[in-house]
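Chains as they are written, first to last, in full-length UniProt numbering: chain F, 1 to 250; chain G, 1 to 250; chain B, 1 to 250; chain S, 1 to 250; chain W, 1 to 250; chain R, 1 to 250.
There could be a bad hint or two in this list.
Just so you know, same-sequence chains aren't split out, so a pair can sit in one copy or run between any two.
[Unchecked claim] Here are the simulated EDC-like pairs of lysine to aspartate or glutamate, each with C-alpha atoms no more than 20 angstroms apart in a straight line: (1) K221 <-> D152; (2) K221 <-> E65; (3) K221 <-> E193; (4) K221 <-> D151; (5) K221 <-> D170; (6) K221 <-> D185; (7) K221 <-> E16.
These are computed hints drawn from the structure, not numbers from a lab.
Number of protein chains: 6
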Amino acid sequence: MRIRVINPNTTASMTETIGRSASGVAGPLTLVEAVNPTMGPASIESHYEEALAVPGLLEQVAIGEREGADAFVIACFGDPGLDAAREIATGPVLGIAEAAMHAAAMLGRSFGIVTTLGRTVGRAGELVHRYGFADVCTEIRACEIPVLALDDPASDARNVVVDECRRVVDAGADAVVLGCAGMADFCSWVSGEVGAPVVDGVSAATVLAESLVRLGLATGKRGEYASPPRKAMTGLLASFELGAPAPAPF
Amino acid sequence: MRIRVINPNTTASMTETIGRSASGVAGPLTLVEAVNPTMGPASIESHYEEALAVPGLLEQVAIGEREGADAFVIACFGDPGLDAAREIATGPVLGIAEAAMHAAAMLGRSFGIVTTLGRTVGRAGELVHRYGFADVCTEIRACEIPVLALDDPASDARNVVVDECRRVVDAGADAVVLGCAGMADFCSWVSGEVGAPVVDGVSAATVLAESLVRLGLATGKRGEYASPPRKAMTGLLASFELGAPAPAPF
Amino acid sequence: MRIRVINPNTTASMTETIGRSASGVAGPLTLVEAVNPTMGPASIESHYEEALAVPGLLEQVAIGEREGADAFVIACFGDPGLDAAREIATGPVLGIAEAAMHAAAMLGRSFGIVTTLGRTVGRAGELVHRYGFADVCTEIRACEIPVLALDDPASDARNVVVDECRRVVDAGADAVVLGCAGMADFCSWVSGEVGAPVVDGVSAATVLAESLVRLGLATGKRGEYASPPRKAMTGLLASFELGAPAPAPF
Amino acid sequence: MRIRVINPNTTASMTETIGRSASGVAGPLTLVEAVNPTMGPASIESHYEEALAVPGLLEQVAIGEREGADAFVIACFGDPGLDAAREIATGPVLGIAEAAMHAAAMLGRSFGIVTTLGRTVGRAGELVHRYGFADVCTEIRACEIPVLALDDPASDARNVVVDECRRVVDAGADAVVLGCAGMADFCSWVSGEVGAPVVDGVSAATVLAESLVRLGLATGKRGEYASPPRKAMTGLLASFELGAPAPAPF
Amino acid sequence: MRIRVINPNTTASMTETIGRSASGVAGPLTLVEAVNPTMGPASIESHYEEALAVPGLLEQVAIGEREGADAFVIACFGDPGLDAAREIATGPVLGIAEAAMHAAAMLGRSFGIVTTLGRTVGRAGELVHRYGFADVCTEIRACEIPVLALDDPASDARNVVVDECRRVVDAGADAVVLGCAGMADFCSWVSGEVGAPVVDGVSAATVLAESLVRLGLATGKRGEYASPPRKAMTGLLASFELGAPAPAPF
Amino acid sequence: MRIRVINPNTTASMTETIGRSASGVAGPLTLVEAVNPTMGPASIESHYEEALAVPGLLEQVAIGEREGADAFVIACFGDPGLDAAREIATGPVLGIAEAAMHAAAMLGRSFGIVTTLGRTVGRAGELVHRYGFADVCTEIRACEIPVLALDDPASDARNVVVDECRRVVDAGADAVVLGCAGMADFCSWVSGEVGAPVVDGVSAATVLAESLVRLGLATGKRGEYASPPRKAMTGLLASFELGAPAPAPF
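Please work from the sequences and hints to get the whole structure.
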């Protein structure tokens, strides 16, 4: 089984960290391939960046699809391009926010989320509603650390994250969801510190994607998620025309 | 890894079917043990029966816990005793309604449920709300076949189930959830017939329980799901006293 | 009219207190009979204990039904076994959480709940949703006093309860619901202290059950709450088989 | 105990019917006084009429308050003026829509409503939300019979109402709420015809108001429902000035 | 185009302020006419006052309708009589709470409300739900200043309002809604102070009413908001009979 | 005042139609400029196309921003890129789904939506929830006509749209929202046919954007919608780097 884990930003070091987390939990017969787009923003901390990360992400889904990937993981907590990816992939596609929230919901009655910048809380909350966890999610806290500073050894990021997770648990949540792919490394350490289950979306999405494949399940294709109709595509994005004769850039 | 799959009714043939479904999807290093209680109803189609199935179910959880089970699956679509089981188990505990709904929610925007008797629709709807899928679940349809008639070769059960599933998909749902452990056998056949993903809770719960164990996750134990306080327990149920000197019946 | 008030735990002194509260508000022509099961936990402060209290509770409903009770009250704030009891009783069945919340909702726009241990807050919140009061209930506060310590004269329980009730009202709730049958004794004193209506579930449920009987109303029996189908019941719980020849233990 | 039941329209014959329903269910020591305003519309089937019924209704509450009424019932299914009445009354005030819905909610998982004209469905739905029964109420059906035609012996009103109630129950609701005070007369007959509990708001509100008084409960007065501030009131409505020297018209 | 802005209380100086705000934002070809009723309360700070303001308000709508007003604004934050006014007006009718919330919702993900007395918060919250903004509105804060004290030059009202608005924005709301027509004067000054968009309902409703007229849109009249049926109206309110021969008091 | 109306697809004829609708309702002092991107899909009927339309749309927002546009309209019913556009624009930005729903909500209690292909219903429903109209929107019907076939004179599109709108109104909605910018032309004709207000998003958004500018209101910029942080942007999309030295492609 081949699972393509796509880091939707262009920072290769983050792709490596993500790949390590994903591989660490995958089953023995599963090949995890971590990739990132060739175009788009270095990290995603705004709607603008999220929107511009999506074409490169979809290009990676199309490549993975051609290369026989059985499932896809979108490794950014805003779950960018998830619906579009489901239209063009045959196998299941999971966002890491989606996967982390589903996993956390099965560990008790409630979870809280600890994310990076405050400006991303709105999008996280929108996903909480979309996936059905409005009554399950107790709060979303920001630690105001930019994505690319999370793994700066000089920074105090880990401790700040632990403090915010502790607040979530002390206020009554049964579990914590880490709201950024860049926090994957900390996950088990944070869990030990706060004495409660802490969920990293990258590893959760990898294992859940593997699970869906094993169950023989994939996106329903009879309605909203059917393959998109063939359509003229022009300008810079002409290469994204589906079924186009020369998909050179992919 | 050992996963204990508990059929909460006392019908051994159904336990066998359930065990077969669960084993069929478990990973190569996972031991699935399907069991059923020594007390309680032969099948569960009412609140009364569900309530009376729970003590026997909890006894099986306690036994599994002593014997080192890493996770538990409650294999009845009403998810009986789920909260109580989470209090007394160390590892994760999943109900099959819970697991099936989470899996189905990751296959598109919506799912519908096809269950057995109309009188169980209310409970199914309550679980849909509890798990957060009120906006995701499009409808719950009953096929009015009693649980124990599902595998009667003389019955038309499979065809009735397919017809109801087709109605769910034709009305726009991306996926279908089968609302009874006794339908596990039909699942992939039904899926082929309706051309949409169909989710069986027994296999979904088994794979998801395995996933949570692999992720190192278990029920949060700092609040509602902490071990219950030791408490005097009397009469017929005296043996359920936690930490009691002679837990003979277990 | 005969109303059977069932304390679902086995602590007789608590049954007496409950009976006193219920009798104190019943009409002149109404006979209140307070009983408790012969099996199960001494008090209910966890899902495990709640689950194990239900068989004994249902036995009491069956006895009451045979003896001609016109209505039933389940006198524990988790409303254990309510759906099952509605299936086997002819007359109305009310849980004290249910009754208290309905009564409180008629006293203004909002109410808050003061309950015993923090670990019971999750269940109380679930009932708030079930009964429709998610937008009406402002908060659920725990005073962290175990049920059986509530009437310990040496304890400071009453004052702790008053303090929590005052916080609820100061934060804007129009009324307070006491979240434990063991608080029935304090109710009017607490109300005087905080200057707001305070609702005890035992007395509320008694009067509301009486009301429903007077209105000629009882549980609807054409669907979910019809009498359960006859079903084999085995082991310790064999005596719960409906219509069984020898219902000796009842 | 004195309960003032206010028919907010000016049709005396309807006030009589309402009074008969209310008296029929009140306890032996309770005096029911049915009254109607001296100003306003002959019946209420629009927002315009509802708005214009409220001053006359509030006048009756003020009169009842001065005459020592212990509780009030507002006997129109739109529950007009309920919040305002709660501000000026000392004892509890119940609307018949409110009371009927609370009573019906205690008879199972769900109820449906059968009302008069289709144009009143919007208001009924608004009250369903306000009281918390959006998930409990299955549907609201109109029988398109004007209020004042309900008791026309020549009309087919009863049969139309029964047909609509039957549709509600056949579609799965456990109980039915009659959506007009003018249907009080039919209630038990309709219930027998459809084989399910049918709730009349007038009798439900009377018995519930009595219950609240017996429980020592009344509207919370520390916030939104405190007595209104004294305020200049001019023109046609000058006599509604609270504490005004010459409340002659009352 | 003629827009009638109705201050539902009888305080002429407040009508003037309201008229000034409305005229200040109306287009060059739009005539704003600010009026107030001849009967009712001097200000509206309770349900009682709101109910008694409605007849006078409806009289003004009827007058405006006869005089050819193209649209109506109800200039009190409780949106009194909105549904009734929609029944009797041909053109669109907007409440200022409604308009302010719609406008604020288009400025980001969320808004908070700053209103006058705490006792009005309940009604404001009810409107938030009615209009669909329960997930958009972050909080409703009261500054405990009576309506008629808002423009008292000796009072500290402006500063109190700014402080509350700042709290709303600091807690994360993208915009603020001022919860009283009497705050219209402060609006742009407050916005500058808090560095976030602040919405005054009077000007918002005026511009939105103008917009609807320009779009050729008006209240849908095929159902709930059709003209009310002709109906006998008696006593003090006899002149409100629709189509009555002598509408002298209007 | 200058309002830039952006058709997010690349079909110039549709841009013209949109521009005509927008100009037709704008005030005399408002300049409407209708534009479309230089890259992306010819029409938007899937998540994939919507995602790929966004970069070109954001380019147009950036150009409009540099050229002094006071407000922006995104003229596709999926409201693509709305959050991102709000981050980079100074003035208000409105989606046509958003604007149409807000306008329709002010015309009564409810509206229904008639859209193009069934596969877009999911996205429309998501927006209904996002904007708060889940209880206001009665249904979303698809007429299964592709966007670019709407203005094909040979097609029966207008009649199909009228039929679907009539079904929406007959089922009780007070108003109808047309779910595609390509239906703008039909709007007033359809309204006449069905006898109910019908809202076109292009004209609604234009007038509402103008309204917000006149009110001095714009997106709140202190949190989620602050300008995005400067960030490296690579590959095909390098020109989207904010503050980049050579924004040549714009």
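A quick look at each hint next to the structure:
1. In this assembly of identical chains, the alpha carbons of K221 and D152 never lie at most 20 angstroms apart, being 43 angstroms within a copy and 29 angstroms across copies at closest.
2. Proximity of K221 and E65 under a CA criterion of 20 angstroms is satisfied intra-copy only: 15 angstroms inside one chain copy versus 40 angstroms between copies.
3. Proximity of K221 and E193 under a CA criterion of 20 angstroms is satisfied inter-copy only: 14 angstroms between copies versus 43 angstroms inside one chain copy.
4. In this homomeric assembly, K221 and D151 never come within 20 angstroms of each other (Cα to Cα): the closest approach is 39 angstroms inside a single copy and 29 angstroms across copies.
5. Taking CA atoms no more than 20 angstroms apart as the test, K221 paired with D170 passes between copies only; the shortest distance there is 12 angstroms, against 43 angstroms inside one copy.
6. In this homomeric assembly, K221 and D185 never come within 20 angstroms of each other (Cα to Cα): the closest approach is 35 angstroms inside a single copy and 23 angstroms across copies.
7. With identical chains, the CA atoms of K221 and E16 are never at most 20 angstroms apart, being 32 angstroms at best within one copy and 33 angstroms at best between copies.
Consistency with the previously given hints fails for numbers 1, 4, 6, 7, ordered from lowest to highest.
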